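Enquirer: Sequence:
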Amino acid sequence: MFTGLVEEIGTVKAVKLLSGGLELTVSARKVLQGLQAGDSMNINGACQTVTQFDANSFTVTAVEETLKKTNLGRLKPGSRVNLERSLTLEKRLGGHFVMGHVDTVGTILKVRKLSTSYLMEISYPKEFSRYIINVGAIAIEGISLTIAEFNERSLVVSIIPHTWMETNLSDKAPGMEINLEFDVLGKYVAKILSKSEGTGISEEWIKQNGF
Numbered sequence: 032m033f034t035g036l037v038e039e040i041g042t043v044k045a046v047k048l049l050s051g052g053l054e055l056t057v058s059a060r061k062v063l064q065g066l067q068a069g070d071s072m073n074i075n076g077a078c079q080t081v082t083q084f085d086a087n088s089f090t091v092t093a094v095e096e097t098l099k100k101t102n103l104g105r106l107k108p109g110s111r112v113n114l115e116r117s118l119t120l121e122k123r124l125g126g127h128f129v130m131g132h133v134d135t136v137g138t139i140l141k142v143r144k145l146s147t148s149y150l151m152e153i154s155y156p157k158e159f160s161r162y163i164i165n166v167g168a169i170a171i172e173g174i175s176l177t178i179a180e181f182n183e184r185s186l187v188v189s190i191i192p193h194t195w196m197e198t199n200l201s202d203k204a205p206g207m208e209i210n211l212e213f214d215v216l217g218k219y220v221a222k223i224l225s226k227s228e229g230t231g232i233s234e235e236w237i238k239q240n241g242f
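If you read the sequence shown in the working numbering, its first letter stands for residue 32, the second for the next number, and so on.
There could be a bad hint or two in this list.
[Stated by the list, open to error] Below are the DSSO-like pairs computed for lysine-lysine, each with C-alpha atoms no more than 27 Å apart in a straight line:
hint, residue 1, residue 2
1, Lys141, Lys107
2, Lys157, Lys218
3, Lys122, Lys141
4, Lys203, Lys144
5, Lys100, Lys157
6, Lys107, Lys44
7, Lys47, Lys203
8, Lys203, Lys44
9, Lys44, Lys100
10, Lys99, Lys203
11, Lys61, Lys203
12, Lys122, Lys47
Source of the hints: derived by calculation from the structure; they are not laboratory data. Bear in mind the structure is a predicted one, so any value in this text is a computation, not a measurement.
Make the full structure from the sequences, and use the hints.
Expert: The structure is reproduced here in structure tokens:
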């Protein structure tokens, strides 16, 4: 599990095609501290297992299912990626619960620079709209962000300059694909409601009982 607070931007050093997957080697510094083979690493929002590492880089293997649901298959040497090590008990949860399980890839529709922030509009598959609420959490490229507005086809997030500059969002432009992970708490609520017909549990009941 992760927080959605990116620790550093890594750079893809090598990409190797495998049968049914892809081996990625990423240059990094901060996230290598205390790293062990078998540790989890969030790369652009996708939880990957470190298979090997040295003083300057680490390697992961992205399997076919990951490549289907994420944009990792489009990475090439020189690509900048968001990196975060898995959450520990000593770490502050400054973002939200990010599982590293990308739900789908969205497409950037617009990027607008305001005086104190950036607005990014992203299209997404309609079936995921049930997991979204205004001012709710979402992980975009592994970054914990707040949804400013949405409809059944697209959502808008507001990004502060610090996040813009300290992540790979500054590399993004309209037309690019971007990894999306919807709030896991919203998924659990949707699951409960889908199984609650005839039990008296409804969205209104959940609100009345403080959830």
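Enquirer: Each of the hints needs a verdict: does it hold here or not?
Expert: Okay, the hints, checked on the actual structure:
1. Lys141 - Lys107: Holds: Lys141 and Lys107 sit about 24 Å apart, inside 27 Å.
2. Lys157 - Lys218: holds, 15 Å
3. Lys122 - Lys141: violated, 34 Å
4. Lys203 - Lys144: Given that 27 Å is the threshold and the Cα spacing comes to 13 Å, the pair holds.
5. Lys100 - Lys157: holds, 16 Å
6. Lys107 - Lys44: Holds: Lys107 and Lys44 sit about 8 Å apart, inside 27 Å.
7. Lys47 - Lys203: Holds, because 24 Å separates the two Cα atoms, which is no more than 27 Å.
8. Lys203 - Lys44: holds, 20 Å
9. Lys44 - Lys100: With Cα atoms ~22 Å apart, Lys44 and Lys100 stay inside 27 Å; holds.
10. Lys99 - Lys203: holds, 20 Å
11. Lys61 - Lys203: Status holds; Cα separation ~23 Å.
12. Lys122 - Lys47: With Cα atoms ~33 Å apart, Lys122 and Lys47 exceed 27 Å; violated.
Hints 3 and 12, counting from the list given before, are not met by this structure.
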